[in-house]
Amino acid sequence: GPKVLQIPSHQIIDMGQMVTLNCDPVSNHLYFYWYKQILGQQMEFLVNFYNGKVMEKSKLFKDQFSVERPDGSYFTLKIQPTALEDSAVYFCASSQGNSDYTFGSGTRLLVI
Amino acid sequence: QQQVRQSPQSLTVWEGGTTVLTCSYEDSTFNYFPWYQQFPGEGPALLISILSVSDKKEDGRFTTFFNKREKKLSLHIIDSQPGDSATYFCAARASSGSWQLIFGSGTQLTVMP
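Residue numbers (the working numbering), protein chains in the order written: chain A, -6 to 105; chain B, 342 to 454.
FYI, nobody ran anything at the bench for these hints, they're computed from the structure.
There's no promise every hint is true.
[What the hints assert, rightly or not] Below, a list of computed lysine-lysine pairs in the DSS-like style, where the Cα atoms sit at most 27 Å apart:
hint: 1; chain 1: A; residue 1: Lys50; chain 2: A; residue 2: Lys71
hint: 2; chain 1: B; residue 1: Lys413; chain 2: B; residue 2: Lys398
hint: 3; chain 1: A; residue 1: Lys50; chain 2: B; residue 2: Lys397
hint: 4; chain 1: A; residue 1: Lys52; chain 2: A; residue 2: Lys71
hint: 5; chain 1: B; residue 1: Lys397; chain 2: B; residue 2: Lys413
hint: 6; chain 1: A; residue 1: Lys(-4); chain 2: B; residue 2: Lys412
Construct the complete structure from the given sequences, taking the supplied hints into account.
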């Protein structure tokens, strides 16, 4: 079936540096999401994005986080500056509407 | 009130047996309940989903049951196979305009050959 691609699959970064996680959503999907998963625990919602705007965000979506999808290219999650507690797997997802999500395989971020 | 509770945390069944996973919730505005299957190192993949207007949905060996009165749902896997060994998450979404899925804590299923 259609896939959500995430780049990179792994990222190691020094604390305080900036990191950008990239997501290529399913082509006809209009709604985009980021979720965070720590060490096999439950997925936690960060943010959803539609029509160029953040529609909803959780308390985990700190001020250091930002999302955008410039000119219909990658949907990105930027963390600046990174902190040790940002180490997790970040999953991107997309959906056509208020329906089933398709998740990517995740970016494993390690902040050292 | 936004929590989704899932049990058991882990489960081992023999090949050919029936697996039953359960979830419960409190928020009565939840109306969409997907189940996801996640293999190590991969993202969660949608297995089956149900809306609150239904009480049962079946897809091959996988059936999800929904009890609105008790605010419970379950996933049944018949003829469980070693390839079903994975972590299973239930999730819920409200009808009130929120787009976020609230996930359960997951059940790690091992199917022994």
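Handout entry: Structure-inconsistent hints, enumerated in ascending order
Key = 3 and 6
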